[in-house]
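For the protein sequence lines, the chains are A and B, in the order given.
To convert, note that position 89 of the first sequence is 89 in this note's numbering; the numbers rise steadily by one, no gaps.
To convert, note that position 87 of the second sequence is 87 in this note's numbering; the numbers rise steadily by one, no gaps.
A few of these clues could be false.
Here are the simulated EDC-like pairs of lysine to aspartate or glutamate, each with C-alpha atoms no more than 16 Å apart in a straight line [stated by the list, open to error]:
#1 B:K134 <-> B:D122
#2 B:K134 <-> A:D160
#3 A:K122 <-> B:D136
#4 B:K134 <-> B:E123
#5 B:K134 <-> A:D124
#6 A:K122 <-> B:D172
Stretch by stretch, here's where chain B covers chain A in the computed footprint (C-beta under 8 Å, at least three residues) [unchecked claim]:
#7 8–20
#8 34–45
#9 150–164
Source of the hints: derived by calculation from the structure; they are not laboratory data.
Remember, it's a predicted structure, so these values are computed and weren't measured experimentally.
Note that the Cβ used here is the ideal one computed from N, Cα and C, for glycine as well.
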Amino acid sequence: MEFSLAVQNYGRGTSPATLDASGEAAESLGWRTLYLIDHPMVPRSGEPEYHETLEPLTSLAYLAGRFGRVRLATGVLVPPMRDAVLLAKELATLDLLSGGRLIVGVGVGNQLDHGEYQNLGKEDRFGVRGAYLDETIALWRRLWAGSEAPFEGRFHLVRDFTFGPLPPQGARMPIYAGGRSERALDRVSRLCDGLYSSRWGPTELRRRWPPVVERARANGRPRPALATRVRVRIGAPPDDRYSVCGTAREMVAQLLEFEELGTDEFVAVLPATEAADVRREAERFAREVIAPFREELAERRQLRRDEYSM
Amino acid sequence: MEFGLAIQNNRLGASAEGMDASAEVALRHGWKSVWVADHLIISRRGGPRADKWFAQYNVEEHDWILEALLSLAYVGARHGELRLGLGVVVPAMRDAPQLAKEIATLDTLTGGRVVCGVGVGDEEDYGEYENLGKEDRFRLRGAYLEEAVALWRHLWSGSSQPFVGRFHRLADFVFLPLPPQGGQLPIFSGGRSDRALARVGLLTDGYLGARWGPAEFAARWPAIVARAAAGGRSRPYLATRLRVRLGEQPDELYSLHGPPTRIVGELLAFEDAGVDEVIAVFEATTPEAIVHEVERFARDVVAEYRARSAERAAATAAGSA
Chain A
1 MEFSLAVQNY GRGTSPATLD ASGEAAESLG WRTLYLIDHP MVPRSGEPEY
51 HETLEPLTSL AYLAGRFGRV RLATGVLVPP MRDAVLLAKE LATLDLLSGG
101 RLIVGVGVGN QLDHGEYQNL GKEDRFGVRG AYLDETIALW RRLWAGSEAP
151 FEGRFHLVRD FTFGPLPPQG ARMPIYAGGR SERALDRVSR LCDGLYSSRW
201 GPTELRRRWP PVVERARANG RPRPALATRV RVRIGAPPDD RYSVCGTARE
251 MVAQLLEFEE LGTDEFVAVL PATEAADVRR EAERFAREVI APFREELAER
301 RQLRRDEYSM
Chain B
1 MEFGLAIQNN RLGASAEGMD ASAEVALRHG WKSVWVADHL IISRRGGPRA
51 DKWFAQYNVE EHDWILEALL SLAYVGARHG ELRLGLGVVV PAMRDAPQLA
101 KEIATLDTLT GGRVVCGVGV GDEEDYGEYE NLGKEDRFRL RGAYLEEAVA
151 LWRHLWSGSS QPFVGRFHRL ADFVFLPLPP QGGQLPIFSG GRSDRALARV
201 GLLTDGYLGA RWGPAEFAAR WPAIVARAAA GGRSRPYLAT RLRVRLGEQP
251 DELYSLHGPP TRIVGELLAF EDAGVDEVIA VFEATTPEAI VHEVERFARD
301 VVAEYRARSA ERAAATAAGS A
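Model the full assembly from the supplied sequences, consistent with the hints where possible.
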């Protein structure tokens, strides 16, 4: 299991310094990916933490210009709030600017996001957002493969076009789907390369992840990757939503569960928006929780090897 | 006059390395800005009204292109000081609220260095509108652009009042963080139609020209400046893209061609016509070729132009003393 960072391109005080601190922390700690959220214009009644946001694609291009190793991801982007063809171009550009380091997390939002669809002039898409996303993925793969065959779908008719340069990762660009609905999970097994889960702890993962893997296999597709976005609250008691919390020892035990359930990437949401807090919290999590987790994991593996060899 | 550089985010071979080298050499020579072009998915045939020129020029120039805003974010992240110009973005091919957010973020990430050129595209661009699913906007593209500018200023200034227009209705929204330049973020109008020119000084802060020589600017610019003044607005800024073909013969479109002395004379004529900023467009795309061409132009032309321009200014000052 690798570790990644949910970048706070949202929340009061988010700034280029937040992005810089996130990139520095991820690169110095050897974390895999930076994930950015997409909430361009929520209503005033929307979640306060999304009132102040930096647009994710622009932010990822900035990060591509600053950091050379860490992977860059949306977690998640909402295509039906935008336009799929324009996004195909933007994502191809991002993949090129980053030398093939892009992961595209996609979702559709839920009932709470209707006001944001309205603000973006996309209220007509809200009722068909799932179908729009499915078609978007097919369109992207077609364009990124370099095909110049016409694309005719329910929402798109692209007949006479040129599309270059192609993204370095081509049609194999990793697409992860987010969301908790059955439809979202079904999308992973049919169309995507991974699941970007959020708010799920081991209990939900144990129940809901294995069927996704099984369905992907039945669909003749490789095992999807599992990236789990989880709040990290060192030393804090549990609250109303799932988080990895408690003492360092308790947190290590929780990480071991994620590992056993097949999590490939643990995406940490840290309680930090200001640059100095990002650095401090990331280092603290690495030192107090990830390091003992890795030791414990290595010990367990050694133990298993010893058992086999006896 | 100031100098800017069209960094090649378009033409076959455009790359991150090429844009990086462009920004680096522009900064090293004390130029003011870098500019990107905006096309997304052009039609290969150009639609019913495309002519021979479309096939030769537009396809060659724009069938390979990196997205404009992301290119500027990348370059802005790596090179300080330079102004970052969109030349031009086409709001009607996208969505104005989303663009408002993207441009605001770009301005925030670059410490307030964005200059936003806007346009609507020509008849040949209809196929691109179609490819983007925006064919219904094509006939309304001018009106859409004008509303987009009004919406942007509304959002960027921090107003939380509802915005109600023909194309947009935003009643309940939060738009933060505001761009550092706020509602003053410079917006330049591009295009050669009368309507594009009419926007300058009334709706926009400047004009981004292309393909015109000094004579056209000398003929057209004074009326625009006068109109802005009559409207109680400050004098609009005038920037123009100019193809640089040092040592070459003229071709069918205006360019700075021929020997350095001739080009210096042309630059002085642009200055006389009221041009504030020349955006040099070179054909090179590889990093080495870009650096070579910019350095040659800076050494053989810009240095001489700056010396002559300073002499004239000193002579004028002495004459009036």
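Closer than 8 Å, Cβ to Cβ, for at least three residues: run that test on the stretch 8–20 of chain A against chain B and report holds or violated.
n = 4 at 8 Å, threshold three: holds.
Against chain B, does the stretch 34–45 of chain A show at least 3 residues with beta-carbon separation below 8 Å?
holds (count 6)
With a cut-off of 16 Å on the C-alpha distance, tell me whether K122 (chain A) and D172 (chain B) pass.
Holds: K122 (chain A) and D172 (chain B) sit about 15 Å apart, inside 16 Å.
Take a quick look at whether K134 (chain B) and D124 (chain A) sit within 16 Å of each other, Cα to Cα.
holds, 15 Å
Would the hint linking K134 (chain B) and D160 (chain A) be met if the CA-CA limit is 16 Å?
holds, 15 Å
State whether the coverage of the stretch 150–164 of chain A by chain B holds or is violated, taking the criterion as 3 or more residues with Cβ-Cβ distances under 8 Å.
Satisfied; 10 residues make the cut.
Regarding the pair K134 (chain B) and E123 (chain B), is the alpha-carbon distance no greater than 16 Å?
holds, 14 Å
Restraint check for K122 (chain A) with D136 (chain B), where alpha carbons must lie at most 16 Å apart:
holds, 15 Å
For K134 (chain B) and D122 (chain B), compute the direct alpha-carbon distance and say whether it is at most 16 Å.
holds, 14 Å
Checked against the numbered hints given earlier, this structure breaks none of them.
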